[in-house]
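**Student:** So you can see what is in the structure, the chains are spelled out below.
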Amino acid sequence: MIGYLFVLAIIKLVIFERGQRVNFDEESFAFFVAVPVAATFLYFLSVFSFGLSGDLAARQSMYPARMLALPVTTSALAGLPMLYGTSVIVVLWFGMRLLVLWPADVDVPVIWPALLAASLLAWTQVLTWMPYPLRGMRVIITVLWLAAIDTIVMLALYLKASEAVMLAILAPHVPLAWLAARSAVARARRGDVPEWRGRFARVGRIEEVLPHFPSPARAQLWFEWRQSGRSLPGLVAILLPFELALLFPFSHTPELIFEVLLLVAFTPPVMAVFVAATTARSGATTSDAHGLSPFVATRPLTNGSLIAARMKAMIRSALAAWMLVLVATPLALRFSGAAPVVIERARRLVEVMEMPRAIAILLLGLAVLLASTWKQLVQSLYIGMSGREWVVKGSVFAALTFLAVALPLAVWMSRNRKALALLFNNFALIAAVLVCLKLSAAVWIAMRLRDKRLLSDRRLVIGAVCWDVAVFALYGLLVWIVPAMLVGRSVLALIAILEVPLARVAAAPLALAWNRHR
Amino acid sequence: MSEAVIEVSRLTRRFGARTALDSVSLSVARGAVYGLVGANGAGKTTLIKHILGLLRPGNGSVRVFGLDPVADPVGVLSRIGYLSEENDLPGWMTVEELIRYQRAFYPRWDDAYAEELRQTFALDPTAKIKTLSKGQKARAGLLIALAYRPELLVLDEPSSGLDPIVRRDILGAVIRTIADEGRTVLFSSHLLEEVEQVADHVTMISQGTIVLSAPLSEIKESHRVDGRLPSLDEIFVARIGKA
Numbered sequence: 001m002i003g004y005l006f007v008l009a010i011i012k013l014v015i016f017e018r019g020q021r022v023n024f025d026e027e028s029f030a031f032f033v034a035v036p037v038a039a040t041f042l043y044f045l046s047v048f049s050f051g052l053s054g055d056l057a058a059r060q061s062m063y064p065a066r067m068l069a070l071p072v073t074t075s076a077l078a079g080l081p082m083l084y085g086t087s088v089i090v091v092l093w094f095g096m097r098l099l100v101l102w103p104a105d106v107d108v109p110v111i112w113p114a115l116l117a118a119s120l121l122a123w124t125q126v127l128t129w130m131p132y133p134l135r136g137m138r139v140i141i142t143v144l145w146l147a148a149i150d151t152i153v154m155l156a157l158y159l160k161a162s163e164a165v166m167l168a169i170l171a172p173h174v175p176l177a178w179l180a181a182r183s184a185v186a187r188a189r190r191g192d193v194p195e196w197r198g199r200f201a202r203v204g205r206i207e208e209v210l211p212h213f214p215s216p217a218r219a220q221l222w223f224e225w226r227q228s229g230r231s232l233p234g235l236v237a238i239l240l241p242f243e244l245a246l247l248f249p250f251s252h253t254p255e256l257i258f259e260v261l262l263l264v265a266f267t268p269p270v271m272a273v274f275v276a277a278t279t280a281r282s283g284a285t286t287s288d289a290h291g292l293s294p295f296v297a298t299r300p301l302t303n304g305s306l307i308a309a310r311m312k313a314m315i316r317s318a319l320a321a322w323m324l325v326l327v328a329t330p331l332a333l334r335f336s337g338a339a340p341v342v343i344e345r346a347r348r349l350v351e352v353m354e355m356p357r358a359i360a361i362l363l364l365g366l367a368v369l370l371a372s373t374w375k376q377l378v379q380s381l382y383i384g385m386s387g388r389e390w391v392v393k394g395s396v397f398a399a400l401t402f403l404a405v406a407l408p409l410a411v412w413m414s415r416n417r418k419a420l421a422l423l424f425n426n427f428a429l430i431a432a433v434l435v436c437l438k439l440s441a442a443v444w445i446a447m448r449l450r451d452k453r454l455l456s457d458r459r460l461v462i463g464a465v466c467w468d469v470a471v472f473a474l475y476g477l478l479v480w481i482v483p484a485m486l487v488g489r490s491v492l493a494l495i496a497i498l499e500v501p502l503a504r505v506a507a508a509p510l511a512l513a514w515n516r517h518r
Numbered sequence: 001m002s003e004a005v006i007e008v009s010r011l012t013r014r015f016g017a018r019t020a021l022d023s024v025s026l027s028v029a030r031g032a033v034y035g036l037v038g039a040n041g042a043g044k045t046t047l048i049k050h051i052l053g054l055l056r057p058g059n060g061s062v063r064v065f066g067l068d069p070v071a072d073p074v075g076v077l078s079r080i081g082y083l084s085e086e087n088d089l090p091g092w093m094t095v096e097e098l099i100r101y102q103r104a105f106y107p108r109w110d111d112a113y114a115e116e117l118r119q120t121f122a123l124d125p126t127a128k129i130k131t132l133s134k135g136q137k138a139r140a141g142l143l144i145a146l147a148y149r150p151e152l153l154v155l156d157e158p159s160s161g162l163d164p165i166v167r168r169d170i171l172g173a174v175i176r177t178i179a180d181e182g183r184t185v186l187f188s189s190h191l192l193e194e195v196e197q198v199a200d201h202v203t204m205i206s207q208g209t210i211v212l213s214a215p216l217s218e219i220k221e222s223h224r225v226d227g228r229l230p231s232l233d234e235i236f237v238a239r240i241g242k243a
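Residue numbers (the numbering used here), protein chains in the order written: chain A, 1 to 518; chain B, 1 to 243.
Calculated directly from the structure, the hints in this document are not laboratory data. Where hints are given, some of them may not hold.
[Stated by the list, open to error] Okay, derived cross-link-like pairs now, DSBU-like style, lysine-lysine, Cα gap no bigger than 30 Å in a straight line:
#1 A/LYS452 - A/LYS312
#2 B/LYS130 - A/LYS312
#3 A/LYS438 - A/LYS312
#4 A/LYS312 - B/LYS128
#5 A/LYS312 - A/LYS393
#6 A/LYS393 - A/LYS452
Okay, chain A solo, but in the shape it has when bound (with noise of 0.2 Å):
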């Protein structure tokens, strides 16, 4: 990253005349600086507080075992990588101010930004060491502490804070940070973990009195189900009572209500991405972080079936976390006292578009969200379920790569008109090609599966009969509900294929199977 800076400032000094001000407009600043260095932030976040190596869902703290053996003091063992992730942020932040915004004459700050930054980290170290009472407490917590240090410094700049103000605000972090480390890295080094399901237990009972598995795959399902399924949720039943109680006392503000309705329903889909990424790899062993354990790995289960099983709960698990939204939401608007302007708007919309056409498009947007969900849960299997580290850790640095260059270019896109018009001249072309590499990749893997006997012939013929299922179904709607004068119906068959899940889905079987017999 230093030597990327490093490269950036060299082309401003060197090719630039001296005194001439390189113009980085948002868009530019954004696609060089800001978001390499953003991603660059995020790896040092998960790699100086561990959180790449373990399970983020876990109640335990994430702390190393190993290194909580080692003969130094609880205080250093919460120090030492709290001092060295620091150093490197600050580094970051000071090279990336000398190396490029100096030279740019991109006017910034000097210490506050790394002072948030390194704050932003210990407080990422606290709360990963910590032991939680509840599975996912984890995330929850982290992404509500963080956001709120963010609002506050937000709120500091929009009340135009100096930055002595921001020092102050700021200052005091690291050091209660290392305090809190300390005491959450003594606790993990006591095994002091504490446990609040045991009031949930009543409810864990009814499923005793159930009779025995009918099938193996039934108890497979279970399994699934119990270890991994109910972690959305979970996490959807912490997070709804937050997002609809602002519901309350904005009861009379329709854009506000509108914009709870909107957040409440991406919850599910955005949730499903952080649990896919906990829970991908279940089963794996304490000697081997990321492979199959040998009691799921011994199961006398094709690879197919327990990858079938896994699926099926994920079906389930969305299903879940959507029921609770379905039934959650008519209440909250109900007791809050704003379900007459929710009422109100969707006479407006029936009015507008005729009854039939806006139940099509509320059913159609459920599905899509429901199905959005279940996507986000599986799409990445097939990394997890692949046992190898180098995958998954490979795969994350090519998504936040990807995030990098895709991001900048979008906003980029979104200002230049002859980018736009050049984009939507030839959407199809683009769309077409990525079907011919989403379909080319499909037919690889189903020979793939064919050669390996992963998946019967009959097997796959049901699969491919149920997807070309959905692609039409899929197709059809979209065909009922876009105007034909506004998309192609060629381009809207493209959409459809492109967006029922199908190569990845598919690839989780054969990556079980690398996994399972290596």
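Using the hints, position chain B against chain A.
**Tutor:** What follows is chain B alone, placed relative to chain A:
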């Protein structure tokens, strides 16, 4: 002896530059108790993982019940009872749930036998696996490996975590009972005294190579010193020292 349950032929497996198994051949006959002995890192667990299909042979072949365990995991694993040395039972399950889950995979599951084993091993059905001691976890693992009366029982370091009483009285009795019923046992151990008590056939493995594989009585006879039959411990030191 009857037909072979396990046939390993010239099996070689490398992990990077290290050769974990070097042209290993082994034939395990039905109804026998095979003890696989060797120092830590000798290749015992690697060999067992190949038999279970968890590792793919680099060279050579592995057949269990005449089937390739990688190509047909269901055909092989449904007939094997396996106790892993890793104690990797899901910690969130209760003992009761573990039994209920496991029985779904095996049509020959014997509820009465499972309950008898549970009582013998003094396992509380409502206890979560993660709250059990290492020895209790090993007993729970042994219970679910035994209760469907598998044709082949594979135990990887079964004594690990078991106290001496369980080791001597229960494990020994269980292994002998299984063999008496005509089923086959392959177990790895570094406790040579234990192997000596229950095994019919001993295979010594060192640095990925089989240095000795024969019936226990034959091994002892061939190593007789001054008319005295040596212990397996003495034979092991002599053979592995030479290897």
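**Student:** Now, for every hint given, state plainly whether the structure supports it.
**Tutor:** Checked hints:
1. A/LYS452 - A/LYS312: With Cα atoms ~23 Å apart, A/LYS452 and A/LYS312 stay inside 30 Å; holds.
2. B/LYS130 - A/LYS312: Roughly 26 Å between the alpha carbons, so the hint for B/LYS130 and A/LYS312 holds.
3. A/LYS438 - A/LYS312: Holds, at roughly 23 Å.
4. A/LYS312 - B/LYS128: holds, 25 Å
5. A/LYS312 - A/LYS393: Between A/LYS312 and A/LYS393 the Cα gap is close to 27 Å, so the pair holds against 30 Å.
6. A/LYS393 - A/LYS452: holds, 27 Å
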